[in-house]
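> Sequence:
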Amino acid sequence: MVSTDPLIQHDVLQKPIAPTLRSRAKLHLDLLLWDEASSATERRRDLERVQNKSARKLIVKPQKSGFDDEDENTPPLADGSSVLKSNGRLKRDRRMDEDRAESTVPSCVSLKSDQSIGGDLQEVIEGHKISLKRRCEHVTEGTNEAGSGTLLNKIYTELYITEGQSEEVDTQHEVRQLERISKKNIQDTPIKCQDIFKVLSEQQRHIRVVLTNGVAGVGKTFSVQKFSLDWAEGLENQDISLVLPLSCRELNLIRDEQHSLLSLLHVFHPTLQKIRAEDLTVWKLLFIFDGLDESRFSLRFNKHQVISDVTQVSSVEVLLVNLIQGNLLPSALIWITSRPAAAYQIPPSCVDRITEVRGFTDSQKEEYFRRRFSDEDLSKRIISHIKASRSLHIMCLIPVFCWITAIVLEDMMTRDQRGELPKTLTDLYSHFLRVQIKRKKQKYGGEQRPEELTEADKELLLKLGRLAFEHLEKGNIMFYSEDLEQCGLDVSEVSVYSGVCTEIFKRESVIFQKSVYCFVHLSIQEFLAAVYMFHCYTRKDRVVIKKFLKYSKPISFSGFAGFHINYNPATSLDVFLGRTLMKSLEIKNGHLDLFVRFLHGLSLESNQRILGGLLDQMENHPETIQKVLNNLKEVNSDKIPDRSINIFHCLMEMKDQSVHQEIQEFLKSEKKSERRLSEFHCSALAYLLQMSEEVLDELNLQRYNISERDDVA
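Numbering (the working numbering), first residue to last: 445 to 1157.
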């Protein structure tokens, strides 16, 4: 399930990063965080309110051997029109919590003899539900502005989740993964989020550990948030005594500390201060570790300290491993969410069920836009436009991309817009940035012509571009204040463009002191990185360009085979784009693929004009653009046939339809065997066949004039 107006992202880094503070964790950008705005005082008031409701006592159920088999009703879908990201401030005073714990929590011996403890614990658990509900019931739309929260239940709609996933580790850019997801077999087994721990057939064993995969921004964190909210409101999974969400992003902040499992729960859920060690062993508990791909822990399942006592102190990563393996609280349920490339950290033997969040189905995409806009005619026009562009339609699997698309198309269709609506990603993101510029001006400046950039605006956006570029290279999507300072930015500057770069969370306590920032979605980081790099090219900044291309191979275009690796790429657009493309093709996980697509799109004057002076507009002669197009078609891609698809996308970003037209003419031809297909044409043909809505009855390669090497490739 997911919200209908999102902000999230797609994966870039596919290999684990060393768990150091400067590494900034793995690439993950689920920006949907629980709102933990209540202070310690507010939590005490919550508990007091609970204690006054003596008639409402939660029956605490002891741990069972398995789940109840009864299906529980899904709450009715409420009407709504926003989406996105929840962030907030957690004001937690550790000393206050410790003092409260010392004054209110008796020893285990005295607890055993206290006849009223049953009622007290029921009140504590109901207090936990109240706290969890407060954290999960609101989300904010794109920014972290106060008062912009929306009830999750109003904007939540079904999300397509399936049981199982492909066996291979997917190491491609998540845009490519989306293309494959859009063509997944309809025979996949769907499963509802609230049913992931339920035994669905007699053959299945008890489900203890569930691993949920999905590309960034597809709705994993929203699923966790909705599951937790439904439990806290008494709607679903009431046989679970406690639902305990623990964000890996937040666990990173105490990775150097030593804790017992009991004290860890006290840190992240202060309302559970009265919970005893023996309570954890008899109740049915659910631990939710959201965002494994963000974890900076080294989960050593083969070599670690074995812990079975919830009061034994150890590192956080050791506690996690023992929980997942079942050494610690073997009856506890574990739910882990992750991007596909990071899921390999969990041994298959430890996982009882794997699920995959697929995002929006085609019908859910349309539902999103219908709910987003009350104007029926506007929603129909937007849906029609998205369907006409295969790239946009595929990307709308991700809720955040639907949100970006909605912002742009609403702005363009509700004013006197002249010219074409965006059909390429570069078009769309250029317009998105322009809308953000206009909104910022209207809010802070009030100028008569809000779309015009001042020099201060230009300087700020290029600083954001530099931040985006430097950390995209490193594989980072989360930044700290010192990272901003290194690029000449301060917090107040970033906040005025909160639709582009926003604060994930800010913790004002002994534990959570650092503010962490990120771009609203990874694709926005990639776009701004491309804007910055193209700016460096137009300004002939040889230092930045040469540093970026330092280790790239010589260009393998037929017309440039003799160019030396140190040839200055800042002097010619075709050489600059060619060297950048070759660098991206060298990276197996393709994490620069979308960045390179944006770079090629920005070479068009039409996109430079959209950005309104952010880039120095270049007068590229038609011969230069044609040279770039010819070079793309001549790339020697025999060693990377699957990656040559991105070359095809680069052509599309430059609005060149020639290859597409050639393939269409070839398919209509009655003399296919007489015309030889190049390696690039073979890749383009394969891609177009994959993306086609039509189902082929037969694909006979013998009818095509391709070499044996092409056939094997």
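Hints were generated in silico from the structure; no laboratory data involved.
Small disclaimer: the values here were computed from a predicted structure and weren't measured.
Do not rely on the hints blindly, as some may be mistaken.
[Said to hold, decoys possible] Derived pair list, reagent style DSS-like, types lysine-lysine, alpha-carbon separation capped at 30 Å:
id	residue 1	residue 2
1	Lys918	Lys990
2	Lys1032	Lys902
3	Lys718	Lys747
[Said to hold, decoys possible] Here are the simulated distance ranges between beta carbons:
id	residue 1	residue 2	range
4	Phe745	Ala900	36 to 44 Å
5	Phe745	Gln1105	28 to 36 Å
6	Val726	Lys636	24 to 32 Å
7	Gln1061	Ala900	13 to 21 Å
8	Met857	Thr725	54 to 62 Å
9	Gln648	Val987	22 to 30 Å
10	Asn771	Leu1133	32 to 40 Å
11	Lys1112	Phe745	54 to 62 Å
Glycine residues also receive a C-beta, built at the ideal position from the N, C-alpha and C atoms.
> Compare the structure with each hint and give your call.
Okay, the hints, checked on the actual structure:
A hinted pair counts as satisfied when its Cα atoms are at most 30 Å apart, and lysine 918 with lysine 990 qualifies at roughly 17 Å. About 34 Å separates the Cα atoms of lysine 1032 and lysine 902, which puts this hinted pair outside 30 Å; it is violated. With a C-alpha separation of about 34 Å, the suggested pairing of lysine 718 with lysine 747 is violated against the 30 Å cut-off. Taking the beta carbon of each, phenylalanine 745 and alanine 900 are about 52 Å apart, not inside 36 to 44 Å as hinted.
Distance hint check for phenylalanine 745 and glutamine 1105: the Cβ-Cβ separation is about 53 Å, which falls outside the suggested range of 28 to 36 Å. One distance hint, 24 to 32 Å for the beta-carbon pair valine 726 and lysine 636, holds here, with the actual separation near 28 Å. Taking 13 to 21 Å as the suggested C-beta distance range, the pair glutamine 1061 and alanine 900 conforms, at roughly 20 Å. For methionine 857 and threonine 725, the Cβ-Cβ distance of about 59 Å falls inside the hinted range of 54 to 62 Å, so the restraint holds.
Here the CB-CB span from glutamine 648 to valine 987 is close to 59 Å, at odds with the stated 22 to 30 Å. Range check, asparagine 771 to leucine 1133: Cβ separation about 50 Å, and the 32 to 40 Å hint is violated. Distance hint check for lysine 1112 and phenylalanine 745: the Cβ-Cβ separation is about 55 Å, which falls inside the suggested range of 54 to 62 Å.
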